[in-house]
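The listed protein sequences derive, respectively, from chains A and B.
Under our numbering, the residues of the first sequence are numbered 132 to 696, in order.
Under our numbering, the residues of the second sequence are numbered 9 to 291, in order.
Calculated directly from the structure, the hints in this document are not laboratory data.
Please note: incorrect hints may appear among the correct ones.
In the DMTMM-like style, the derived pairs of lysine to aspartate or glutamate whose C-alpha atoms are separated by at most 25 Å in a straight line are [as the list claims (entries may be wrong)]:
| hint | chain 1 | residue 1 | chain 2 | residue 2 |
| --- | --- | --- | --- | --- |
| 1 | B | Lys205 | A | Glu544 |
| 2 | B | Lys196 | B | Glu40 |
| 3 | A | Lys278 | A | Asp333 |
| 4 | A | Lys257 | B | Glu153 |
| 5 | A | Lys257 | B | Asp120 |
| 6 | A | Lys411 | B | Asp191 |
| 7 | B | Lys196 | A | Glu544 |
| 8 | A | Lys257 | B | Glu170 |
| 9 | B | Lys144 | B | Asp23 |
| 10 | A | Lys669 | A | Asp333 |
| 11 | A | Lys195 | B | Glu170 |
Source: prediction; values computed, not measured.
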Amino acid sequence: MSDFTIIPSSLQYKSAPTLDQQINIPLESNQEEMVQYVRNTTISLQQLYEDERQASVRFRPTFKIDFVYDNTYTGTTEYAPFRDDLYYVEPTQSKVSGVWKGFPQYYEFDFFRPNIPTGHLNYVPKSAYTYNWTYYITYPYQNDYTKQLQATYDNKTINWVAQDGIPFIISSSVEGGASVISFQCLMAHGLTENQFVELSFDYENQRIFDVFSLGNGNYGSSDYVFNIINVGYTGNTFFNGRTGTFRRVVDADNPIETRSKYYVRQHRVLKNQNDIEITKTGFELNAFQNQKKLEFSSITPNNVTRISQKTSSFNYDFTLSNDLILSGLTNNLKQEINEIYLTIVNKGFSGYFNRPFSNNVGLKQGWLFNINRDVSSWWDDNNVLSNSNIGVLSYNKTTNRTYTFYYNRVLNEGDILDGDFCEFNDYYQVERVVSPYVQKIKFNQNIFATVDQPNSNPQGYYYFPHLPMTLKYYSDYVETSPAQQVENIPSWAYFSTTDQQFRWREPYLYGEFDNLNRGVNYPYLNQAHYPFENTTFKLFSEGSNYQAIPNGVNLDIQPLIDDCE
Amino acid sequence: MTVNKIQLTLPRNQDQVIQLPVMLNWELLDTENEITEIENQITAEVAGQPIDFETNRFSHSGHTRPIERSVNENPVAIPGSSDILTDILYEFYFFSGGTLNGNSSVSNWVPDYRAAGFNTNEIYYFSNGFKNSFFKLDFYSSPVEGNQINYLTVILPTTQGERMPVVMQGTDVTIKKPRYRLDWVGDKKGYFIYWVKTRTYVNVDTFYMSCKFWDAKTGTFIRMINRPQALQNTNTFSPNQVFNFYYQVRLDYPTQTYTVYDTISFERVGTTVPIKWYEYVDP
């Protein structure tokens, strides 16, 4: 406000006349001529290239996949096109008995299916790579906090909901003379000493406990076992064999904000097989030999001599026929998309697998913790919780009788499928994969019988469908900004009411690496990034991978490579 | 009540005006960024816009073939049924000698490498002269020689292609035949056309495909045309430069496929109807 006072003319002095008055408003204008050098600029092509690169959201990714599998289950079939095409075991005995037993040929598993005139398929060359598997480019899209999960350990089955955290079984123990309560987790707990756990039950209204130590002396157990010190807890709160769940708390003084969230990540399909081009790599094979043999005509059911092949060792390139444009998309954490996935799902068009269990679903799903040494009940045909959301289609063939063959349908862009079981901490802005997502295929016992007595929980093959490619890394430090300063704060920043601060991690620039050597430097040309990922896709037989889980690491075994190496 | 002491007197035959100062403080919003943006645009224009030279793989567009069944060992089409096929079919005919003109001379062009001067042994044993020979398909922007640009070339090696039965030194064997059925699997060299993804730099959706045969045995090129010279109405040695030396290849960018058309009949070829190339015999 100015201090001007307007005095009416009649009051300016005694007997002053009344006059019109006016107030002049000065309109001031300040302008400045731009000097010559301000208008000049030096064009730096390097800077221009760098600006374009950082701003580009166009990607042309390439995955090189080494497909590793073993063809392990023998079976029998009456369907003549399959029976005449097996990799026979004991063919001389089969010749006598008339029951031909063997392995399916390698091309029932491989990405590429050659044109083998067995009389079963009307072969379409364009579909050579999509008979057995389907391929998608996906990204983590949202979180499912209410996913019903189940795990089995020591004949104990624990059911819980994803958001409850990580399940455990309690046992008492002694460590260094101190009495401790030991929590055997069914998956890697991710804790460090002196962090805290919030249990699903309380001891005299206390739910948060300090982690005293990790492990129980067995090899690798520190990832799966944590201990709290037994200060003399009375009652039977921590009785041996009690099961429950915990959530990690980093700071006991700030338990709400530093408590982790647990969920199942869900992937959204960005591109399906129509946009993905697959080729065999020019000259590369994996390290495993192909198993081949000659089937003599005299010991085959159709008296035809042929070469039989059980396994293959091809590597494959996956590229996109159309560009991947990632503008306007955010991931499950509402951040810029920093990872995409090549998602490989069994299709099994020839019909060896995927007989539907219920709801027209023939493909099972679970997580690594569901793979045990023996077949877990999770995978039972009658357990609808382990059904995937991918339905089957079918077709019939008639030889001596009518057979129905099932295969998994192809997902469309925008479809959702489940992913890894994850943990996210708002305060520290970091996501951890607790247990990776697994799919399981089982032989259709009506077509190819691998067991004498059919049951609802047969053995099968597992695989991890989601193969990640990192497009950007987020910083290893947490950026903070006071509440009053909202400029340049990303939309995914977390506001801590305790600290009155925004907290987030910043994506690194392309070509930027931190002191942990985290960063990406993919080629940029043709207005697009060309990210590349060289990875392995494995198909596990039942029971071949159980050492990756608690049942395995607690075995009294000598690791092939221990931590010292 | 807040009032001031300004008195308004009644006007004496003239209007009164109260002028109120209205204070306006304003400035251009985000001027600096706007200037920077314009600077960037101008800089990008001066430096040149980036061009996308990335190529895509164009495959032969699908076509249908009736599904047949055998009736008394003769194939009979099943009404209303068809296969979706993606193969492309080429046939190359070499002049085996004899007369050049007249309808009856058409049979003097045969799909057989032996008519090109190779003997059965050379073909069977893949002699250097044979295996280093190839068909060269050139893709031009126009059929008019004066203003055409050769944008790309596809090579079909003699080591690809179908086989035919012959007798060699009293033994039944099969040798290569200049008939190519290219597809996604099997013989696929020359099946895909690799062409730029975007049409901003070169906007071409129709090519004119010509053919030459490189004879590595003699070190000469043999020009091929799409009709046997015997069918030339006027002069055997005067094929039409626009219509007789080319097939039309049309690209479909959204589906990344191509189709081939006859330049005279405009009918699609390369399906169950082969793309035929005949040796052009110089006078």
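Going through the hints against the structure:
1. B:Lys205 <-> A:Glu544: At roughly 22 Å apart (the allowed maximum being 25 Å), Glu544 (chain A) and Lys205 (chain B) satisfy the hint.
2. B:Lys196 <-> B:Glu40: The hint is violated at about 57 Å.
3. A:Lys278 <-> A:Asp333: 24 Å, holds
4. A:Lys257 <-> B:Glu153: 36 Å, violated
5. A:Lys257 <-> B:Asp120: It is violated: about 29 Å lies between the C-alpha atoms, which goes past 25 Å.
6. A:Lys411 <-> B:Asp191: 15 Å, holds
7. B:Lys196 <-> A:Glu544: Not satisfied, since the Cα-Cα distance of roughly 30 Å exceeds 25 Å.
8. A:Lys257 <-> B:Glu170: 20 Å, holds
9. B:Lys144 <-> B:Asp23: Violated - the C-alpha atoms of Asp23 (chain B) and Lys144 (chain B) are around 96 Å apart, more than 25 Å.
10. A:Lys669 <-> A:Asp333: 42 Å, violated
11. A:Lys195 <-> B:Glu170: 33 Å, violated
The structure shown violates the earlier hints numbered 2, 4, 5, 7, 9, 10 and 11.
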